[in-house]
Amino acid sequence: MLDLSEIKIIEHDVLVVGAGGAGLSAAIEASAQGASTGIVMKSLLGKAHTVMAEGGMAAALANVDERDHWKIHFRDTMRGGKFLNDWRMAELHAKMAPDRVRLLEEWGAVFDRTKNGLINQRNFGGHRYPRLAHVGDRTGLEMIRTLQDHGIHQGIQAYMECTALDLLKNEDGSVCGIVCMWRETGAFTIFKAKSIIFATGGGGKAWEVTSNSWEYTGDGYALAYEAGAELMDMEFNQFHPTGMIWPLSVKGILVTESVRGEGGLLLNSKGERFMFNYIPDRFKSETAETEEEAAKWLAGDPNAKRPPELLTRDVVARAINEEVKAGRGSKHGGAYLNIATQRSAEDIKKKLPSMYHQFKVLAELDITKEPMEVGPTCHYFMGGIKVDSNTTMTAVPGLFACGECAAGLHGANRLGGNSLSDLLVFGYLSGKNAAEYAKKTGHSDFDKEHASKIIRSATSILNREKGENPYLLHEQLEGTMQKYVGIIRTKDDLEAGIQELDKLKEASKNVKAKGASQFNPGWHEALALRNLLIVSEAVAKAALIREESRGAHTRADFPGEQADWLKYNIVISKGDNEKMLLSKLERSHPDSELERIAKSTIEDLEQEVQQERTNMNS
Amino acid sequence: MSKRKFRIYRGEQEHGELVNYETEVKEGMVVLDVIHKIQAETANDLAIRWNCKAGKCGSCSVEINGKPKLSCMTRMNEYSEDETITVTPLKTFPVIKDLVTDVSWNYTQNERIKPLKLAPAAKTEKGYVMYQKDVDRVQEFRKCIECYLCQNVCHILRDHDKKDEFIGPRFMIRVAGLEMHPLDIEDRIPELKEDYGSGMCNITRCCTTVCPEHINITDNGIIPLKERVVDRYYDPLTILWRKFFGRKKKKLPPIKK
Chain A
0 MLDLSEIKII EHDVLVVGAG GAGLSAAIEA SAQGASTGIV MKSLLGKAHT
50 VMAEGGMAAA LANVDERDHW KIHFRDTMRG GKFLNDWRMA ELHAKMAPDR
100 VRLLEEWGAV FDRTKNGLIN QRNFGGHRYP RLAHVGDRTG LEMIRTLQDH
150 GIHQGIQAYM ECTALDLLKN EDGSVCGIVC MWRETGAFTI FKAKSIIFAT
200 GGGGKAWEVT SNSWEYTGDG YALAYEAGAE LMDMEFNQFH PTGMIWPLSV
250 KGILVTESVR GEGGLLLNSK GERFMFNYIP DRFKSETAET EEEAAKWLAG
300 DPNAKRPPEL LTRDVVARAI NEEVKAGRGS KHGGAYLNIA TQRSAEDIKK
350 KLPSMYHQFK VLAELDITKE PMEVGPTCHY FMGGIKVDSN TTMTAVPGLF
400 ACGECAAGLH GANRLGGNSL SDLLVFGYLS GKNAAEYAKK TGHSDFDKEH
450 ASKIIRSATS ILNREKGENP YLLHEQLEGT MQKYVGIIRT KDDLEAGIQE
500 LDKLKEASKN VKAKGASQFN PGWHEALALR NLLIVSEAVA KAALIREESR
550 GAHTRADFPG EQADWLKYNI VISKGDNEKM LLSKLERSHP DSELERIAKS
600 TIEDLEQEVQ QERTNMNS
Chain B
0 MSKRKFRIYR GEQEHGELVN YETEVKEGMV VLDVIHKIQA ETANDLAIRW
50 NCKAGKCGSC SVEINGKPKL SCMTRMNEYS EDETITVTPL KTFPVIKDLV
100 TDVSWNYTQN ERIKPLKLAP AAKTEKGYVM YQKDVDRVQE FRKCIECYLC
150 QNVCHILRDH DKKDEFIGPR FMIRVAGLEM HPLDIEDRIP ELKEDYGSGM
200 CNITRCCTTV CPEHINITDN GIIPLKERVV DRYYDPLTIL WRKFFGRKKK
250 KLPPIKK
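Chains as they are written, first to last, in numbering that gives the first Met the number 0: chain A, 0 to 617; chain B, 0 to 256.
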């Protein structure tokens, strides 16, 4: 056993891991509850992935279209998620989002305004009404900066550039601490905490074409899995339909859905608006069938049907994929996205300033004059750590999860804009419940043997004489996932992918990072490999089991949704001998009232909501 | 595709040197891509911060041929093929390793700034009422991605190292964003003069020049703040007026029902 006396131990009631929108929201609430709160992050404060969110946060504020209501937001979310969402989470989200967005304004966020001086809202895929509170196309920056500037005055301790390696548990199996490494020095530290919140985001860095940064290595999934928590819905990986595809060096970088929300058209090489050919039955009655009808909507007719470009992300991503396969792709193998013909140059620069800038600099293209070229890019994990719908606690007592790293809210496909509001709502709930849990528990001793093992396994990467290059292993992993576990999946591909992953897992045991422990990106990359591999295996194996196509999970050998599969979630946990266990978990029956709302026709629900309002006013 | 030459700073604050590298550069690559390529091929432990790779997070600030830039937004075709490109860390902050500097001083400056305080009366059941024309200028300041390129070129911080006297352009516009928030009722003018060092800036506009978000830091942020300080402390008419009529309250926009 290592001598741990040299290692600094830091104590908090609540420790949050991850400082994006969810982590900061959780830390602010935990601190407000009186808990001594620390927040650990891999990057500097204010740089987390949330900063890259562009379009907005969905909340039924009803500032732009007064017909909006939590029930309709809830219905949209369930339909977008193909009814596989956790019903209670979708209900909480839709009900609580408006207040959380207004609170963000109170903390300093300066949203774009309506003519009446209220928070402005924009259209987005799958949302019935203009619903996304936004600031141009830099809403994520506004969110993270607001939470950061508010958070630094709330007595929260921020630990920057600190990587979490593994959780520590006490004798009863509750979480009691976590081993971390300071990136700057390479020194280790142990945080002791009564409860721990994971807000670690997703794992999109397992794919080659991705909108995710180096941070997205699925740390939360892997650490929770290793500690005995369950993962759920891991087969649902959202491929955002519009990533940049040219030049190659920027392939995958996100092009916000707001381009379509502001009226942008998707065209194939023949100049056809191909989305008209891909409208799913479920959305036929609410989607425009002709260009004339779609034009009416853009002109602001509240009763016009929505253009098909604003169908949910899973549908649009598959459509682009199909067009390219049929030989109707753009010059560099994607689709054309044109806003230049739809809005004035001045409008585009005002509403989509960072898109204008991004294309101008990185692709030398003026989006006010020319169409962009776009294609699907790995973007988001709907699945993640399985949590209790009300408290966000995982199967490991004292361990909570929120934001992208938690499963449930989004089901089989997430609607754009529901992520930022997810961070606010479930970050808050995690913070509140973790603080309450901490009040009822004390600090407990961790297993020193286990802590030593975690540290030794990290340092062995530096100490071994020779071994595999971590960058090359990561590249191979990305290639494997891209090729075998991509947007369209088959049994053969998935099985081949799993075999490749096994080989990579073996090779990764002998990974070697050159150089010393101080700020060594090679070492950091090697440490993340274990997590990426666990996540990749979970995704591939869950995808193999789910023999249907639903939302973001598409099986070419099992096309279409299967009614029977709606009854199950795939749940993953760690078994004996390092074996990954997968099982079909039968879903509980939904609350009948929620089921009624989600399955109502839009006309009936609109009428019901209006009736409710009339009754309230009289 | 062609082989290009680079010189990259390797080492720490006290011990460091420019090391030569060569690598193939493909169409469309930015300087950060090249650094990543060198990292994967030959220098596994070469340290640089980065996140979004799209100019949104402000992590990858470095000096390229002596000019402060975001390495993710600097295209290789801005330089001629035979030019050796030199990449060094931000000069104003101590080097931790290679291209990574210790920017923690900036975080402590932010904590010194009095937070937003909204007029309670402005709250309605639909949230706060503010008009687009009143928030336009605040939104300009809020575009800041905290890349600290402005802090890096500010000669008060860079050449004179007066970090204890001036919070720097980044935090001047942070203050401007609060002071010009249409519903804020906090008073930060005394701190601007005494603690934040608004008088130190002599308007050379270097900060504005390097801002990747094109925020008009000097003209729209710093100068108006300087004027507010001057109005309060140095304008004899205002001082006289205040003696008789008391301090002017911030005017809030009317609430429309």
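Errors might be hidden in some of the hints.
Here are the simulated DSSO-like pairs of lysine-lysine, each with C-alpha atoms no more than 27 Å apart in a straight line [stated by the list, open to error]:
| # | chain 1 | residue 1 | chain 2 | residue 2 |
| --- | --- | --- | --- | --- |
| 1 | B | Lys132 | A | Lys482 |
| 2 | A | Lys359 | B | Lys125 |
| 3 | A | Lys359 | B | Lys113 |
| 4 | B | Lys2 | A | Lys114 |
| 5 | B | Lys4 | A | Lys250 |
| 6 | A | Lys508 | A | Lys578 |
| 7 | B | Lys66 | A | Lys465 |
| 8 | A | Lys359 | B | Lys161 |
| 9 | A | Lys349 | B | Lys113 |
| 10 | B | Lys66 | B | Lys113 |
| 11 | A | Lys250 | B | Lys122 |
| 12 | A | Lys359 | B | Lys116 |
| 13 | B | Lys25 | A | Lys330 |
| 14 | A | Lys513 | B | Lys36 |
| 15 | A | Lys250 | B | Lys161 |
| 16 | A | Lys490 | A | Lys511 |
| 17 | A | Lys114 | B | Lys4 |
| 18 | A | Lys511 | B | Lys122 |
| 19 | A | Lys513 | B | Lys125 |
| 20 | A | Lys250 | B | Lys132 |
| 21 | B | Lys36 | A | Lys114 |
| 22 | A | Lys431 | B | Lys2 |
| 23 | A | Lys452 | A | Lys573 |
| 24 | A | Lys482 | B | Lys36 |
| 25 | B | Lys125 | B | Lys66 |
| 26 | A | Lys349 | B | Lys125 |
| 27 | A | Lys452 | A | Lys578 |
| 28 | B | Lys36 | A | Lys502 |
| 29 | B | Lys66 | A | Lys114 |
| 30 | A | Lys94 | B | Lys25 |
| 31 | B | Lys66 | A | Lys359 |
| 32 | A | Lys431 | B | Lys122 |
| 33 | A | Lys431 | B | Lys125 |
| 34 | B | Lys36 | A | Lys504 |
| 35 | A | Lys114 | A | Lys465 |
| 36 | A | Lys348 | B | Lys132 |
| 37 | A | Lys508 | B | Lys36 |
| 38 | A | Lys513 | B | Lys116 |
| 39 | B | Lys2 | A | Lys94 |
Just so you know, the hints here were simulated from the structure itself, not pulled from any lab data.
Enumerated hints in conflict with the structure, sorted upward: 1, 2, 3, 4, 7, 8, 9, 10, 11, 12, 15, 16, 17, 18, 19, 20, 21, 22, 25, 29, 30, 35, 38 and 39
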